[in-house]
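All chains should be modelled from the sequences, with the hints used to inform the complete structure.
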Amino acid sequence: MTNSTGKYSQSILSKLIRFFLRDEEGSFPVFLHSLRLEDQLYDFTIVRFLVSFLIVVGSLFAKYVLKIYELNHKALILLAILLFLVNTVNFAIAFPARKKKEKSKKYHLLLVVILHLSIATDFLFLTIAIWLIGGVYSPFQTFFIFHVIITSILFSPLIAFVYTAYGYLLFLALAIVSWQQWIPPIYPIGAVPSNVPPTGTYIITVAVVQGLLFFLTASLTTHLMYFLREGQRQIVRINKDLERLCDQRKGFLQIALHNLRAPISAIAMHLQNLLYGYGGELNETQQSWVQRSLTRIDELVSFLHDLENLSVMENADLLREAKEFELNSLIEKILEENQDLIASKKHTIKVDLPEKKIYILGIQRLIREAILNFLTNAIKYTPQNGKIIVRVFTHSSYVRVEVEDNGIGISQEDIPKLFKEFVRLKQQKIEGVDTTGSGLGLYIVRQVIESHGGRVFVRSQLGKGSIFGFDLPIARRK
Amino acid sequence: MEQKKVILIIDDDPDIRSALRVMLESAGFVVGEAANGEEGLKAVQRIQPDAVIIDLMMENVDSGSQVATKLKEDKYPGPMYMLSSAGDAVRYNIDARELGLAGIFQKPVDPKVLISTLKAKLGVA
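In the order they appear, the protein sequences are chains A and B.
All letters in the first sequence, in the order written, are residues 25 to 502 by this note's numbering.
All letters in the second sequence, in the order written, are residues 156 to 280 by this note's numbering.
For the record, the hints were derived by calculation from the structure and aren't laboratory data.
Every residue, glycine too, gets a C-beta built ideally from N, C-alpha and C.
Treat the hints with care, as some may be off.
[Unchecked claim] Using C-beta positions, here's what the derived DEER-type ranges look like:
1. A/N283 x B/K267: 25 to 33 Å
2. A/S435 x B/E193: 52 to 60 Å
3. A/F73 x B/R252: 57 to 65 Å
[Claimed, not checked] Partner residues aside, some chain A positions facing chain B, computed with beta carbon under 10 Å:
4. F119
5. R285
6. I291
7. E332
8. K357
9. E360
10. D364
11. I366
12. S368
This is the structure:
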């Protein structure tokens with residue numbers, strides 16, 4: 025028996041809980057910004073503390089400055105203290121676990137229950153306050169509408185109407201007890217125009233007008249919220265679709281790159297062998313055809329390289345992967361690894377590094393790629409026997425890395441186009457300078473540097489050379 | 156007469172191995188081949204090459220760096236070079252110094268760069 029009664033009461037309780045805690049789709053949680061439930065509750069709690077304080081200040085001001093002698097300021101202060109205490113209990117229960125990252129369903133339920141209790145007590149406290157300040161004559165009646173709007177914003181339309189009805193019933197009760205003189209309200213002259221008890225006609229008028237106002241406000245606000253929620257749901261749905269499509273694209277890009285790289289490398293290497301005459305001497309026409317094929321393959325390889333970097337950058341998780349690393353030794357390593365490339369164009373290179381070690385917090389392989397991009401561009405866009413300077417220096421909390429060359433330079437009108445996706449500048453053919461490229465390299469550098477909290481820059485003069493560089497925040501070392 | 160230097164290529168792509176073989180043989184090197192990391196490690200023991208060229212991406216992701224690490228542990232005395240496709244080094248964060256590599260060749264490998272680098276390193280005229 026006990027068992028079945030227990031089950032029955034449990035099912036009534038769970039039905040009640042479901043009714044009050046569901047949203048329009050009947051599932052938890054009930055809120056528009058459900059992920060921000062704690063924040064919303066926190067904000068309300070802070071506002072309620074402020075309201076308690078304002079009641080105390082307001083009643084003292086009314087009593088002693090405005091000289092409203094009939095005002096029962098002690099009762100109002102007591103009410104404010106009660107509000108403060110209830111709020112403190114809410115705060116103490118709900119917020120110690122606020123900073124926890126993992127939140128259980130139970131904790132979430134607790135927050136929802138506290139929110140409901142707070143709204144219910146708010147209506148009650150408001151009714152008492154209005155009773156203390158003139159009942160149906162009180163200018164503070166408007167605050168009922170304020171509460172109706174809040175509930176309509178927070179809850180599903182059905183629950184919002186339940187609260188509106190609850191608030192209206194409290195208001196009606198106040199009106200009836202004032203009219204019948206069962207518990208006559210206090211009429212502090214000054215705050216209200218008269219201390220004459222309201223007539224039946226006035227009560228009916230106020231009840232009808234307030235009733236219309238309560239339910240019209242609830243209806244309009246819930247309607248508006250319905251459209252907002254619907255819009256938000258659509259945004260969430262579309263975002264999920266976009267995320268899925270984005271993941272698919274990333275996956276596809278990786279597979280495509282993987283499957284393209286190996287055969288292209290093999291083709292290029294066999295063609296090179298052919299060109300070098302390892303398979304027998306080629307005549308001039310054959311050599312020219314193979315050379316042209318290799319040039320096009322080089323373009324393709326460079327494009328794949330940039331796409332690969334883009335894909336690596338998109339998949340990098342800065343928060344998880346970031347580590348502290350030393351910049352000077354990274355630059356030395358990059359230069360060491362690219363000696364052959366520098367020597368192939370007979371450039372002279374000057375390296376100007378600070379004596380002090382500089383540490384950066386980030387993904388080293390991405391920063392390496394950014395520096396390498398500047399360096400290879402300087403090598404590529406400078407005719408043979410050029411001069412390249414790699415410079416590193418600190419300024420305030422930043423480190424600046426610059427790569428300067430005396431190469432072909434960029435016109436002033438083209439400078440703003442750099443660092444954008446798929447930008448290829450129109451360049452004249454210059455002896456000893458290969459101007460092919462994917463147009464992705466500098467865009468990737470910008471993405472890498474900006475994702476690390478830095479910025480990129482360029483200074484250039486056509487025919488004289490360029491300085492490409494970036495600023496990055498220096499890691500604060502303990 | 157100076158004895159020819161032996162280079163071992165460890166790569167799972169037969170076309171890359173064959174293209175590298177052509178380049179190296181044309182420069183007077185003797186070439187050994189292995190199609191995976193395990194075979195490569197055995198071949199190092201067997202033919203004791205003067206230099207090893209290892210592909211970074213073979214049967215397993217970054218298995219090339221595992222082979223390099225193993226050879227470094229076994230105190231392989233010759234220079235080791237890594238073959239990497241565009242982007243692999245940045246994706247898998249290859250540190251040439253840490254792996255004890257003498258250098259990294261980007262695919263497609265330029266015969267001039269490959270031969271001049273190896274000749275300089277191995278002291279071949």
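Given the hint of 52 to 60 Å, is the C-beta distance from A/S435 to B/E193 inside that range or not? holds, 56 Å
Restraint check, 10 Å cut-off on beta carbons, for A/D364 near chain B: Since the shortest Cβ distance to chain B is 5 Å, the answer is holds.
At a threshold of 10 Å, is the proposed contact between A/R285 and chain B supported by beta-carbon distances? Status holds, d = 4 Å.
Would the stated hint for A/I366 survive a check requiring a Cβ distance to chain B of less than 10 Å? With a minimum Cβ separation of about 12 Å from chain B (threshold 10 Å), the hint on A/I366 is violated.
Agreement of hint A/K357 with chain B interface, Cβ distance less than 10 Å: OK, holds: A/K357 within 10 Å of chain B, min 7 Å.
Does A/I291 pass the interface hint, meaning its C-beta sits closer than 10 Å to a C-beta of chain B? Holds: closest Cβ of chain B sits about 8 Å from A/I291, inside 10 Å.
Do the numbers back the hint for A/E360, that is, is its least Cβ distance to chain B under 10 Å? A/E360 check passes; min Cβ-Cβ to chain B is 9 Å, inside 10 Å.
State, for the Cβ atoms of A/F73 and B/R252, whether the hinted interval 57 to 65 Å holds or is violated. Hint holds: Cβ distance 60 Å, inside 57 to 65 Å.
Agreement of hint A/S368 with chain B interface, Cβ distance less than 10 Å: holds, 7 Å
Would you settle whether the hint for A/F119 is holds or violated, based on the nearest Cβ-Cβ distance to chain B being less than 10 Å? Because about 42 Å separates A/F119 from the closest Cβ in chain B, which is outside the 10 Å limit, the hint is violated.
Are A/N283 and B/K267 spaced within 25 to 33 Å by their CB atoms? holds, 28 Å
Chain B contact restraint for A/E332 - C-beta distance below 10 Å: holds, 3 Å
Checked against the numbered hints given earlier, this structure breaks hints 4 and 11; the rest are met.
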